[in-house]
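Visitor: These are the residues of each chain, in order.
Number of protein chains: 4
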Amino acid sequence: MPSTSLVRQLMQFMTKERGFDTVMKGLRVVSAGNGNCVCELTVTEDEQNRGGSLHGGMTATLVDVVSTCALMTTERQVAGVSVDMNITYMKGAKVGSEIVIDAKTLRCGSTLAFLSVDITHKADGTFVAQGRHTKFIGSKSSK
Amino acid sequence: MPSTSLVRQLMQFMTKERGFDTVMKGLRVVSAGNGNCVCELTVTEDEQNRGGSLHGGMTATLVDVVSTCALMTTERQVAGVSVDMNITYMKGAKVGSEIVIDAKTLRCGSTLAFLSVDITHKADGTFVAQGRHTKFIGSKSSK
Amino acid sequence: MPSTSLVRQLMQFMTKERGFDTVMKGLRVVSAGNGNCVCELTVTEDEQNRGGSLHGGMTATLVDVVSTCALMTTERQVAGVSVDMNITYMKGAKVGSEIVIDAKTLRCGSTLAFLSVDITHKADGTFVAQGRHTKFIGSKSSK
Amino acid sequence: MPSTSLVRQLMQFMTKERGFDTVMKGLRVVSAGNGNCVCELTVTEDEQNRGGSLHGGMTATLVDVVSTCALMTTERQVAGVSVDMNITYMKGAKVGSEIVIDAKTLRCGSTLAFLSVDITHKADGTFVAQGRHTKFIGSKSSK
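Top to bottom, those sequences are chains A, B, C and D. Residue numbers for the first sequence, in the UniProt record's numbering: 1 to 143. Residue numbers for the second sequence, in the UniProt record's numbering: 1 to 143. Residue numbers for the third sequence, in the UniProt record's numbering: 1 to 143. Residue numbers for the fourth sequence, in the UniProt record's numbering: 1 to 143.
These aren't lab readings, by the way, just hints derived from the structure by calculation. Keep in mind the model is a prediction, meaning the values are calculated, not measured. Quick reminder that beta carbons are idealized off the backbone N, C-alpha and C, glycines included. Be aware that a few hints might be false.
Unchecked claim - DSS-like, lysine-lysine: derived pairs with alpha carbons at most 27 Å apart: (1) B:Lys-94 / A:Lys-16; (2) A:Lys-94 / B:Lys-25; (3) C:Lys-91 / A:Lys-91; (4) D:Lys-16 / C:Lys-16; (5) B:Lys-104 / B:Lys-94; (6) B:Lys-94 / A:Lys-25; (7) C:Lys-104 / D:Lys-91; (8) D:Lys-94 / A:Lys-104; (9) A:Lys-104 / D:Lys-104; (10) B:Lys-122 / C:Lys-104; (11) C:Lys-94 / D:Lys-16; (12) D:Lys-25 / C:Lys-25; (13) D:Lys-104 / D:Lys-91; (14) C:Lys-16 / D:Lys-94; (15) C:Lys-104 / B:Lys-94; (16) C:Lys-94 / B:Lys-104; (17) B:Lys-16 / A:Lys-94; (18) B:Lys-104 / C:Lys-91; (19) D:Lys-94 / D:Lys-25; (20) D:Lys-104 / A:Lys-91; (21) A:Lys-94 / D:Lys-104; (22) C:Lys-25 / D:Lys-94; (23) C:Lys-16 / D:Lys-25; (24) A:Lys-104 / B:Lys-91; (25) D:Lys-91 / A:Lys-104; (26) A:Lys-104 / D:Lys-122; (27) B:Lys-25 / A:Lys-25; (28) C:Lys-122 / B:Lys-104; (29) A:Lys-91 / B:Lys-104; (30) D:Lys-25 / C:Lys-94; (31) A:Lys-122 / D:Lys-104; (32) A:Lys-25 / B:Lys-16; (33) D:Lys-104 / C:Lys-91.
Claimed, not checked - Just a few of them, taken from the derived set where beta-carbon distance is under 10 Å, the chain C residues facing chain A: (34) Val-83; (35) Asp-84; (36) Asn-86; (37) Thr-111; (38) Leu-112; (39) Phe-114; (40) Arg-132.
For reference, chain A alone in the conformation it holds in the complex (with noise of 0.2 Å):
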């Protein structure tokens, strides 16, 4: 799957530049391809708040991210502009355990794309977090 190794690299550059993707730089491209994008994250004290678990605007950042990557592996191959994002926080993930971001394409249209994202446990499956996110994606440079 070409795709995979094509949003690995991109998150590679993406995380060496300066600017706020360099808040990814522990997240590992599992697959990607077909408007999805799978990553893995151990929660490092990086990512962590006050109370030693992942910090809720970091898990805003993995659903905006993640489901940006699996935007960009669509036909129309866009990054788009954010209109909307929703995050429901349902559990902790504390230091040291292991999360799977997975994002979907709902759909992409001419001028708007739909994805959605379910961040769980790697350990039993149980959810972190559900996210949603709206993306302009139309030619103009205006929204």
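Starting from the structure of chain A, add chains B, C and D where the hints point.
Guide: Just chains B, C and D now, kept in the frame of chain A:
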């Protein structure tokens, strides 16, 4: 207003420590108290996305952190645990631009607290984003 | 303000016709114009849930319809098509209570419009719910 | 599966009574049990918006009601109270079309339950909408 200096000290403490809150290092607390918190940020390369604007994950983290600071200035004085968060992205904020993050407590019940956050351009008051954040503040450890 | 009477007429027309908008028959348009719309509703048994309070689906419909009325009073004068909507439920509204639905246009771009809705108890101003609504207003028929 | 007939009876009871749940009168319960509930609806003029498609408020009400039915088939057997709900609208559903509403319990904690709902076209499985619903199921009367 004693709350402002308290939240300011807390923010300094949080961003010096290891953890994801260090991404907030550029945040300036303007005022805090009575369930409200106003902060400012000059967008730098550290918070940018690939397009040179404020990263959507950083925007989400601002909604999370500044609303939590607002919640800590209510009578309950708790940080709580995130339940639901949503963000609507309306306009980009380029590197170098000044943004205002204005968080309000809409309601603080016995088990749940509800917060709203406006992120605007300081120059003209136009919206960058708006978010809402529901937090669990019950006494039980588990949601 | 001519917009108020226009939106009032529109609402009367909509709720007489067949269609789901007939659930809005009790809605009173207080004012409308410049991207804003304020309505009032006395909760009756027609809008109640099994617990004798305003039904969550009716609350969501109020967010949808009143924000759309607000959008129709902008320069664009369009109803648009829903993209994303969210509602945070803070407090019940019993049958007999009066509620205020206050919708504002946060931003009206070329393709997307962003609206926010506060639903409060008329008696004391406390929040029943808050919602946000993103609508597609582009010229193309398909999102 | 006894749960299916139980939820079917409940739905019949709810939609005969006075109250907003009567808008669900066309809903057919296909299966229910173990925290899941699948229903079908043929869109009629009663559920339509001004454009002759499923009304966004009705879509939101479907997310609300069918996810609540799913929750009632968990071990907790409670209806709960809405905390947060979001809906992403992906594609219209014209009058006459058949739609499937598929609700799942993502997690049922001691105080909060988290549900997800897919609404798809029966003909081709494409998404009409996707929603998420957080409900308070704690023993206290107040959130």
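Visitor: Against this structure, judge whether each hint is valid.
Guide: Status of the hints after comparison with the structure:
Restraint check for Lys-94 of chain B and Lys-16 of chain A: the C-alpha separation of about 21 Å stays at or below 27 Å, so the hint holds. At most 27 Å may separate the alpha-carbon atoms for a hinted pair to count; Lys-94 of chain A and Lys-25 of chain B meet this at roughly 23 Å. With a CA separation close to 25 Å, the supplied pair Lys-91 of chain C and Lys-91 of chain A stays within the 27 Å bound. Using a Cα cut-off of 27 Å, the hinted pair Lys-16 of chain D and Lys-16 of chain C holds, with the two alpha carbons roughly 23 Å apart.
Proposed proximity of Lys-104 of chain B and Lys-94 of chain B is supported: the alpha carbons are some 25 Å apart, at most 27 Å. The straight-line distance between the Cα atoms of Lys-94 of chain B and Lys-25 of chain A is roughly 23 Å, inside the 27 Å bound, and the hint therefore holds. Note on Lys-104 of chain C and Lys-91 of chain D: the hinted pairing holds, with a Cα-Cα distance of about 25 Å set against a maximum of 27 Å. With a C-alpha separation of about 26 Å, the suggested pairing of Lys-94 of chain D with Lys-104 of chain A holds against the 27 Å cut-off.
For the given pair, Lys-104 of chain A sits about 17 Å from Lys-104 of chain D by alpha-carbon distance, which is consistent with the 27 Å threshold. Between Lys-122 of chain B and Lys-104 of chain C the alpha-carbon distance is near 20 Å, which keeps this suggested pair within the 27 Å criterion. Of the pairs offered as hints, the one joining Lys-94 of chain C and Lys-16 of chain D holds, with about 21 Å between alpha carbons and a cut-off of 27 Å not exceeded. For the proposed pair Lys-25 of chain D and Lys-25 of chain C, the alpha carbon gap of about 19 Å is at most 27 Å, so the pair holds.
Between Lys-104 of chain D and Lys-91 of chain D the CA atoms are separated by roughly 21 Å; this keeps the pair inside 27 Å, and the hint holds. Proximity of Lys-16 of chain C to Lys-94 of chain D is assessed by CA-CA distance (about 21 Å); at most 27 Å being required, the pair is judged to hold. Taken as a hint, the Lys-104 of chain C and Lys-94 of chain B pair is honoured in the structure, with Cα atoms around 26 Å apart against an allowance of 27 Å. Simply put, Lys-94 of chain C and Lys-104 of chain B have alpha-carbon atoms about 26 Å apart, close enough for the 27 Å limit, and the pair holds.
A hinted pair counts as satisfied when its Cα atoms are at most 27 Å apart, and Lys-16 of chain B with Lys-94 of chain A qualifies at roughly 21 Å. For the hint pairing Lys-104 of chain B with Lys-91 of chain C, the CA-to-CA distance comes to about 17 Å; that is within 27 Å, so the pair holds. About 18 Å separates the Cα atoms of Lys-94 of chain D and Lys-25 of chain D, which keeps this hinted pair within 27 Å; it holds. Between Lys-104 of chain D and Lys-91 of chain A the CA atoms are separated by roughly 17 Å; this keeps the pair inside 27 Å, and the hint holds.
Of the pairs offered as hints, the one joining Lys-94 of chain A and Lys-104 of chain D holds, with about 26 Å between alpha carbons and a cut-off of 27 Å not exceeded. For the proposed pair Lys-25 of chain C and Lys-94 of chain D, the alpha carbon gap of about 23 Å is at most 27 Å, so the pair holds. Between Lys-16 of chain C and Lys-25 of chain D, the direct Cα distance comes to roughly 20 Å. Compliance with the 27 Å bound is thereby established for this hinted pair. Of the pairs offered as hints, the one joining Lys-104 of chain A and Lys-91 of chain B holds, with about 25 Å between alpha carbons and a cut-off of 27 Å not exceeded.
Pair hint Lys-91 of chain D plus Lys-104 of chain A holds up; C-alpha atoms about 17 Å apart against a cutoff of 27 Å. Distance check on the hinted pair: Lys-104 of chain A and Lys-122 of chain D sit about 20 Å apart at the alpha-carbon level, within 27 Å; holds. The straight-line distance between the Cα atoms of Lys-25 of chain B and Lys-25 of chain A is roughly 19 Å, inside the 27 Å bound, and the hint therefore holds. Restraint check: the Cα-Cα separation between Lys-122 of chain C and Lys-104 of chain B comes to about 20 Å, which is no more than 27 Å; the hinted pair holds.
Distance restraint check for Lys-91 of chain A and Lys-104 of chain B: the Cα-Cα separation of roughly 25 Å lies within the 27 Å cut-off, and the hinted pair is therefore satisfied. Restraint check for Lys-25 of chain D and Lys-94 of chain C: the C-alpha separation of about 23 Å stays at or below 27 Å, so the hint holds. The straight-line distance between the Cα atoms of Lys-122 of chain A and Lys-104 of chain D is roughly 20 Å, inside the 27 Å bound, and the hint therefore holds. Under the criterion of a C-alpha separation no larger than 27 Å, the hint pairing Lys-25 of chain A with Lys-16 of chain B is consistent with the structure, at around 20 Å.
Between Lys-104 of chain D and Lys-91 of chain C the CA atoms are separated by roughly 25 Å; this keeps the pair inside 27 Å, and the hint holds. Interface hint status for Val-83 of chain C: upheld, as the beta-carbon distance to the closest one in chain A is roughly 6 Å, under 10 Å. The restraint placing Asp-84 of chain C at the interface with chain A holds, with a minimum CB-CB distance near 4 Å, inside the 10 Å limit. Taking 10 Å as the C-beta cut-off, the interface hint given for Asn-86 of chain C holds, the closest approach to chain A being about 6 Å.
The criterion of a C-beta within 10 Å of any C-beta in chain A is met by Thr-111 of chain C, whose closest approach is roughly 6 Å, and the hint holds. The closest approach between the C-beta of Leu-112 of chain C and any C-beta of chain A is roughly 5 Å, which is under the 10 Å cut-off, so the hint is satisfied. Given hint, Phe-114 of chain C at the interface with chain A, holds; its Cβ is 9 Å from that chain's nearest Cβ, closer than 10 Å. Taking 10 Å as the C-beta contact cut-off toward chain A, the hint placing Arg-132 of chain C at the interface holds, the least distance being around 8 Å.
Taken one by one, the earlier hints all hold for this structure without exception.
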